[in-house]
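Chains as they are written, first to last, in numbering that gives the first Met the number 0: chain A, 0 to 302; chain B, 0 to 302; chain C, 0 to 302; chain D, 0 to 302.
No wet-lab data here; the hints were simulated from the structure. Note that this is a predicted model, so its numbers are computed, not measured. Treat each hint with caution, since some may be false.
[Said to hold, decoys possible] Think about it this way: if two alpha-carbon atoms lie no more than 30 Å apart in a straight line, the pair counts; the simulated BS3-like pairs of lysine-lysine are:
#	chain 1	residue 1	chain 2	residue 2
1	A	175	A	152
2	B	152	B	186
3	A	104	A	175
4	C	29	A	30
5	B	30	D	29
6	C	30	C	119
7	A	24	C	29
8	A	29	C	30
9	D	30	B	24
10	C	119	A	29
11	C	175	A	29
12	A	30	C	78
13	B	29	D	180
14	D	119	B	29
15	D	24	B	30
16	D	180	B	24
17	B	29	D	152
18	B	30	D	152
19	B	24	D	152
20	A	119	C	104
21	A	24	C	104
22	C	100	A	30
23	C	24	A	29
24	A	119	C	30
25	B	119	D	152
26	D	180	D	152
27	A	119	A	100
28	B	152	B	81
29	D	119	B	24
30	C	119	A	24
31	A	180	A	152
32	B	81	B	100
33	C	152	A	30
34	A	119	C	29
35	B	24	D	29
Protein chains: 4
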Amino acid sequence: MSLNTDFWVTDNTAPGAGYRYAVSKVLVWKKTNFQDLAIVDTPVFGRALLLDGNWQSSVSDEFLYHEPLVHPAMLWHGKPRKVAILGGGEGATLREVLRWKTVDKAVMVDLDGEVVEACKTHLPEMHQGSFGDLRAELVIGDARDWLQATDEKYDVVISDLSEPLEHGPAYELFTKEYFLKVREVLKPDGYLALQAGSVAPQEIDLFARVCNTVAAVFEHARPYASMIPSFAAPWGFVLASSQSLDSLPDPNSTDRTIAELVGGTLRMLDGEALHGLFMVSGHVRRAIERESRVYTIDHPPQR
Amino acid sequence: MSLNTDFWVTDNTAPGAGYRYAVSKVLVWKKTNFQDLAIVDTPVFGRALLLDGNWQSSVSDEFLYHEPLVHPAMLWHGKPRKVAILGGGEGATLREVLRWKTVDKAVMVDLDGEVVEACKTHLPEMHQGSFGDLRAELVIGDARDWLQATDEKYDVVISDLSEPLEHGPAYELFTKEYFLKVREVLKPDGYLALQAGSVAPQEIDLFARVCNTVAAVFEHARPYASMIPSFAAPWGFVLASSQSLDSLPDPNSTDRTIAELVGGTLRMLDGEALHGLFMVSGHVRRAIERESRVYTIDHPPQR
Amino acid sequence: MSLNTDFWVTDNTAPGAGYRYAVSKVLVWKKTNFQDLAIVDTPVFGRALLLDGNWQSSVSDEFLYHEPLVHPAMLWHGKPRKVAILGGGEGATLREVLRWKTVDKAVMVDLDGEVVEACKTHLPEMHQGSFGDLRAELVIGDARDWLQATDEKYDVVISDLSEPLEHGPAYELFTKEYFLKVREVLKPDGYLALQAGSVAPQEIDLFARVCNTVAAVFEHARPYASMIPSFAAPWGFVLASSQSLDSLPDPNSTDRTIAELVGGTLRMLDGEALHGLFMVSGHVRRAIERESRVYTIDHPPQR
Amino acid sequence: MSLNTDFWVTDNTAPGAGYRYAVSKVLVWKKTNFQDLAIVDTPVFGRALLLDGNWQSSVSDEFLYHEPLVHPAMLWHGKPRKVAILGGGEGATLREVLRWKTVDKAVMVDLDGEVVEACKTHLPEMHQGSFGDLRAELVIGDARDWLQATDEKYDVVISDLSEPLEHGPAYELFTKEYFLKVREVLKPDGYLALQAGSVAPQEIDLFARVCNTVAAVFEHARPYASMIPSFAAPWGFVLASSQSLDSLPDPNSTDRTIAELVGGTLRMLDGEALHGLFMVSGHVRRAIERESRVYTIDHPPQR
C-alpha cells in the first residue's frame, strides 16, 4: 500500500542543503521524554528511523553503517566475550554484536526506552529478534550513569550515539570526560569503536576534533570511514585501544575469523573491505593531524 | 555577495529522493545544442556545474572525484606520456592529468563546446589554466568519432562522461562497442579508467553491469569507489587493462612516485588512499560477480 | 506539542507550482476504499483534511469556503426546510445548513464513510456535533444512486464534491447528466449551490465550463467567488435555480434574515459580503460568456 | 525554450508555509543598493519580479493587483489630472494611471533605479512603454523626501510599496507620519489608494492596523480586497480621502466612465467588479473595528 499524498521529510544536512525523501507511511511520530521520534516508510530507502528530524538509519543501507561500527573492534580483539553498546536504539548494533559466537554478554544502554520499544515493534528487520537473545541485556538509562555504576570490565565498547552536532540527548557524550569513563570499563586489551559524524569536507573539522579527543584518552586511535548513501555523506568512525592499531589484519585471516566465529559471511565487511575502511584518504588524515582541540564538558561540540 | 532569494536546485537522485541545494548566484543557465547547462554558486558546496539538472561537480569536493578518476590509471602505468580524456568538460580531469611531468600530450574530447567555454570563464578553480597548457589539445566533437579517426596510440584513456542513467548525450558511451573502440587506441600496456555511476545499494546493478561490460572487452578490470558528498552517494569507477591489476602498489612506493612524477602531494590520493579506493566492500564485489549482462548498442543502459 | 521533524506536505496546485505546509502532527493517514485520507496539524492553517494529497479544508479558514457554499442558496430561498448535501465529508457544510432554524431535515450523502468517521473523531471544530443533530441524516453512498432513489423533493441542494480536476471519486459529478438528476430532486422554487473549482486565470476555463454546464440545465445560473488563503487561489461557486437570480437582496434585509432565521451572525457572510461574493470581476464573467462547451458523461472534466 | 534544471523559488508566505514555483529562466538576479532583485520566467505564472525573495507580481495575474490598486481612486475622483505613484517599480501602476485620458501628469517615485531599469528591459508586458509616455515623470529617490520637497498638489496618490511585513526599504512607509505627508500633497478633493498586505485570517491584524493608521489621518477610509492567485492570498487595499466614501458608484455609471475616460474596457475592473472589491466580508470589517493601534515611526510594522 503506497499513499498518494505528497509528503516529504527533509534531513537538513547543512544550512542550505537538505536531503528530501518521499514518505509513503508514518508508522510512529511522537515526542518521547527526550526527543522527537519518527519511523516512516520511504519508497527509496525503505523503513527508516528519525530522531529530532535527523535521519538515523534505513533498512536498505543500515548494513553499511552497523557492520563497520561493530566488526572492526571485534576483529581486532579476536575473541570478544563481553560487549557494551552505548546508544543503539534500533537494535541493529546489538544484532551485529550477537552474531559473534564468542559473545556471552551484550549490554545495550539506551536513554530512550520509547525509541527502543517503537523499534522493537516497527523495525524487526533491524533488530532481527536480538532483544530476545538470552545473552542480551537492555538497560534504559543514561550511558554516563551506567558507566559510573557498572563494576564489570568489557572486551569491546561500541558508542552508537546520535551525532554530536545536534542538541539532542547525546550532546556531551563526545567529550574527553566521557571517553575517560569508557576507558575505565574496558579491559586492558579492550577496544572502543564509535561513530563520529560526517567526513564531508565541510564538516571534517568536527570529525577531526572527535578523533583528537579520543586520542587524548587512548594510547592508540585510528579513524575510518564508510559510505552510507542515505546519510548523503561519507561517515566517520574511530577505533581506540591501549593496544597497537598499526597493522591491519591480513584479508584472508579476517575472512577465516568471520567464517569461524561469526559463521557465514557479512554483507559488506570482509577482509578486503576492512582494508578499504581503514585506508583513509590523505585529506582526512591531514585534517586530523592539523587538529589540536579536545572536546570537554566545558567545551563540548556545538554547531 | 550572497542573495536572499529562496532559490533551490534539487538534484533528483531517484524518484522519491532528492538533494536540495540553496543557490546564491546563477552564473550561467542556458540551453546548449546538447543539453541544459547551469553554473551556480551554492553556499554549501561552492560553485557547481549542472548538466540537464544533474549535479556534475562542485569546487568544494571535486577533488574526491577527479583524483580517483585520473591517478590510479596513471600510477599503474608508471610513466604515462600520451593521455586521452573523453568528456571532462570542466577541465579538472585535464588539470589532474597535466600534473604528471611525464605527460607530453593530453587530448580532451568533449561534445559540447559551450559547456567547455562556460567552464573556462566561470570555473577557473576547476581547470586552473589547464586549457592553456602547451601539452593540452582540446577537440570539440563526439568521442566515438574521435576514437574512429585518431591514428595515435595512448598510454591512458580517461572516460569522464555523464552518467549512463540519463538520456543525455553520453547515452551510448557505456557499451561494449564503445569500449572496443577505446581498446584500439590504447597501447598494449595502456590503461582505461572510467566513472561508472553510483554504487548505492539501489543503483548497484547498473554499476555492476558497466563493470561486466568493461570486463567483456578488457582482460583485466577492477572496480573502485570514492565517497563524494555532493553526489549524495558513493561513486564507482572501473580501471581496465590487458595488464594484470591484481596487486596493489605498496603505499610507500606510490607516495614516492607521486612526489617524484607529480611533484608535491595530491589532496586525497596517496599510497594509503589508493588501497582505500580499491579494497571495495563485499556487497559491491558480489553484485559484480552476480552480474552477467553486457551493455551493447542494441541494449544500452536505461532507467 | 509540536514536533521537530522537518515534515512537509505539498499541495501541487499546478505542474510547476505547489503550496508547501509544515506538518506538526499526522492524526490519520490511510487508504480508504476510495482515496487517500490524511488529517494533519499544520502550524500555519491549523488542523486540515487532505484527500488524495489535495487540500480540502483547514480549521483556520474553512469558514471562507463553507459559509459562501451554503448560505447564498439558503438566503435566496428564504425559508429552506429540506436540504440535501452531496459530499461534504468534514460535516462543516452540514453544520452551516443546520444553523437555519427553518431546516427540519438535512440529508448528507457522502461516498466515503471512512472519511466521515475520521472527521467525526478528529475534526470536531469542523462538524461541531452536527452529525448528532436529530434533523441530520447521514447516507454513505454514491450521490448519483441517492439522487436516483430518493422520492422526496428538496428546497436546497448543496454539491460539495472534490474538485473535478482530479481523478478522484467525484470525477463524473460535474456533468450535465448529474445536474439533470439534481434538478429532479429540487422543488420548483429550489436552489442548487455547488463548489466549482479555482478561478485563477490559469484554470478559469474549467470553471467557465462548469458554469456553462449548469446553465445548460437550469434556467438561471450565477457564478460567485470567495478568497480562501489555504487554497492559494480564489475559489468559484455556482448558484442555480429555475427562479430568477438577477437581483441581489438588499444588504440590510439579508442581515435581518440572518439575525432572525440563523440567530446571531455568521463569520464572513452578511448582507454586504453577499454582494462582494456575487459582484464578480469582468474577466471571470467574460470567460463564462466565451465558453460554449458542456461537460457530459462522455466528455467529463479532465486535466 | 524551457530549461530542464529542477530550479525552484519558494516565497515563504509564513513560517511553515511557502509557495513554490518552478523557474525556467533567470533573467536578472542581483543585489541592488537596496535589495535583492530577481526577474524570472515561471511556467505557471509567466515572467515575475521578486524583491528580497518576495514575489511582487507576474504577467499572468498582475492585472488583478494593478487594476484594483489604481482605478477605484481614479473613478471616485472622476477627472484625475495629476497623479503621483509612490513605489511601483514594474511600471504597471503607471500604465494603468496613463490609461486615463484626463491625466496630464503622472509622477512615479521609486527608490531603486536598478529595479526600474531591469523592469524596463525585461518586463515590457508590465509597463507597455509607459515610461516613454510624455505625461510620465520618473523620479528615483525616497518617497518621503519627494513628499517633503514637492510643491504641487495631486488629485490621486497611489502608494504601491513592498509589503510592510518585511524589513525592506519600505519599512517605515506605512506609518501615521507618512500618511500625514501624503495628505499634504493631495488636493482637498484628492484620493489616496494603497496596497496594504494580505487579508488572510493569520495576517489580518496587520492589515487592520494599516487601515486604522490611515483612518487616523484621513476623514474617510475604506478597505477593499482582490484575489491574486500568485500571492496565494487575498490582498487588501485602502482608499482614503477627506471626501465621503460611503456610497459606491452605480455599476452602469462606472462602466460609462471607463468607456469614456479610459476608452474601451479594463480586464477585471468594471462597474460590477468595483462593488465586488468594496463589499468586503464581515470578518474583515470586524477585524478593523476591533483594531485600535496606529503605526508610527516609533512603532512601525514588524513581524
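Margin query: Going through the numbered hints above, which ones does this structure break? Give me the numbers in ascending order.
Written below: Result: hints 11, 12, 13, 16, 17, 18, 19, 20, 21, 22, 25, 33 break, sorted rising.
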